[in-house]
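Asker: Here is how the chains run, residue by residue.
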Amino acid sequence: MTQPDHFVTEDDLHAWVDELLSPERLRIVETWLDANPEVRQRVMTWRKERSLLRAALGADLESPVSERFDNLQIHKSKLRYFNAPQMAASIALALSI
Amino acid sequence: MNESTDIRLRNAIPALRRYSRILTRDPHRAEDLVQDCLERALRRMHQVRDLSDLRPWLFTIAYRLHISQWRRLKSLITPTETSPEPIQDATQIPHLEWKEVINAFERLSDEHRQVLLLAGVEGLEYETVSDILGVPIGTVMSRLSRARDALHRLVDQGDRPKLRRVK
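Residue numbers (the numbering used here), protein chains in the order written: chain D, 1 to 97; chain H, 1 to 167.
No lab work stands behind these hints, which were simulated from the structure alone.
Some clues are possibly wrong.
From the derived model, a few chain D residues whose C-beta atoms are all more than 12 Å from chain H [as the list claims (entries may be wrong)]:
no.	residue
1	F7
2	V8
3	E10
4	H14
5	P23
6	E24
7	L26
8	L33
9	D34
10	A35
11	P37
12	R40
13	T45
14	W46
15	R50
Cross-link-like lysine to any residue pairs, in silico, SDA-like; alpha carbons within 25 Å at most [unchecked claim]:
no.	chain 1	residue 1	chain 2	residue 2
16	D	K48	H	I7
17	D	K48	H	Q35
18	H	K99	D	I28
This structure is a prediction, so every number in the text was calculated from the model and none was measured.
Even for Gly, the Cβ is constructed at its ideal location relative to N, Cα and C.
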């Protein structure tokens, strides 16, 4: 990931998949991938599976948490006077996790 | 609970809940874990006044709680009584490709599922993942590499419902 030269590592490939490369490093890796199409195929597959996993597990975030959190908002003035364990219990309850 | 605490927690709680489900493989234990985690977090909010994204901090608390609870649990019950439950009912996932990838994901080891969730899905920096799991960054990278290979092999095998049922 932090190699100064044109030597591309396995870590670079994962950072490419996760879009964590600096612009300079990205240029080097892209050039290297152009010369190594079979590796490009592999990292593109990883990136595709990462996107699919994000999308599939994203459904888990879209459960009506915000709606339940609104309930929490309503009770916020009361919550302010609760101690931490009670507050945590109230949050968990409000979210109905 | 002031306004900024409220917003930062609101933003992080869905991710905390998802991470807890992946850690525990059990919705009920995940619920307990989230509650324990929030309880601790609320007592320590002063530690993270300047942190806008609370996910790494909450994940660290959740991971440590899970490890200590799991050690306690293991001393009390036999492994056969803790068969993992799927994080989501695959029949409820509309998209076929999503279903395939979730089925494959569920069959990965705990270590592999966690690194894929934290780095791949949550998009956290590798150093942050290393802090959360308390392992060197080299370990994170090798786990990530093996996890991606393993996930791909399982996705490639395609739909084999009977295999999925094996616990």
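Asker: Grab the minimum beta-carbon distance between L33/D and chain H and tell me whether it stays above 12 Å.
Answerer: Fine: 16 Å to the nearest Cβ keeps L33/D off the interface.
Asker: Once the closest CB in chain H is found, is it more than 12 Å from E10/D?
Answerer: violated, 6 Å
Asker: May I ask you to check that P37/D keeps its beta-carbon over 12 Å from the closest beta-carbon of chain H?
Answerer: holds, 18 Å
Asker: If you draw a straight line from the CA of K48/D to the CA of I7/H, is it 25 Å or shorter?
Answerer: violated, 32 Å
Asker: Could you check that no beta carbon of chain H comes within 12 Å of the beta carbon of A35/D?
Answerer: holds, 21 Å
Asker: Just double-check T45/D for me: nearest Cβ-Cβ distance to chain H has to come out over 12 Å.
Answerer: violated, 6 Å
Asker: E24/D: least C-beta distance to chain H exceeds 12 Å?
Answerer: Check passes; 17 Å lies beyond 12 Å.
Asker: Is the Cβ of R50/D farther than 12 Å from every Cβ of chain H?
Answerer: violated, 4 Å
Asker: With d taken as the least Cβ-Cβ distance between R40/D and chain H, does d exceed 12 Å?
Answerer: At roughly 15 Å from the nearest Cβ of chain H, R40/D sits farther out than 12 Å, so the non-interface label holds.
Asker: Evaluate the condition: distance from the CB of H14/D to the nearest CB of chain H exceeds 12 Å.
Answerer: Given a closest Cβ separation of 5 Å, the condition is violated.
Asker: Is it the case that V8/D keeps its Cβ farther than 12 Å from each residue Cβ in chain H?
Answerer: Given a closest Cβ separation of 14 Å, the condition holds.
Asker: Is the Cβ of F7/D more than 12 Å away from each Cβ in chain H?
Answerer: F7/D clear of chain H: closest Cβ-Cβ about 16 Å, beyond 12 Å.
In summary, the structure is inconsistent with hints 3, 4, 13, 14, 15, 16, 17 and 18 from the numbered list given earlier, while agreeing with the others.
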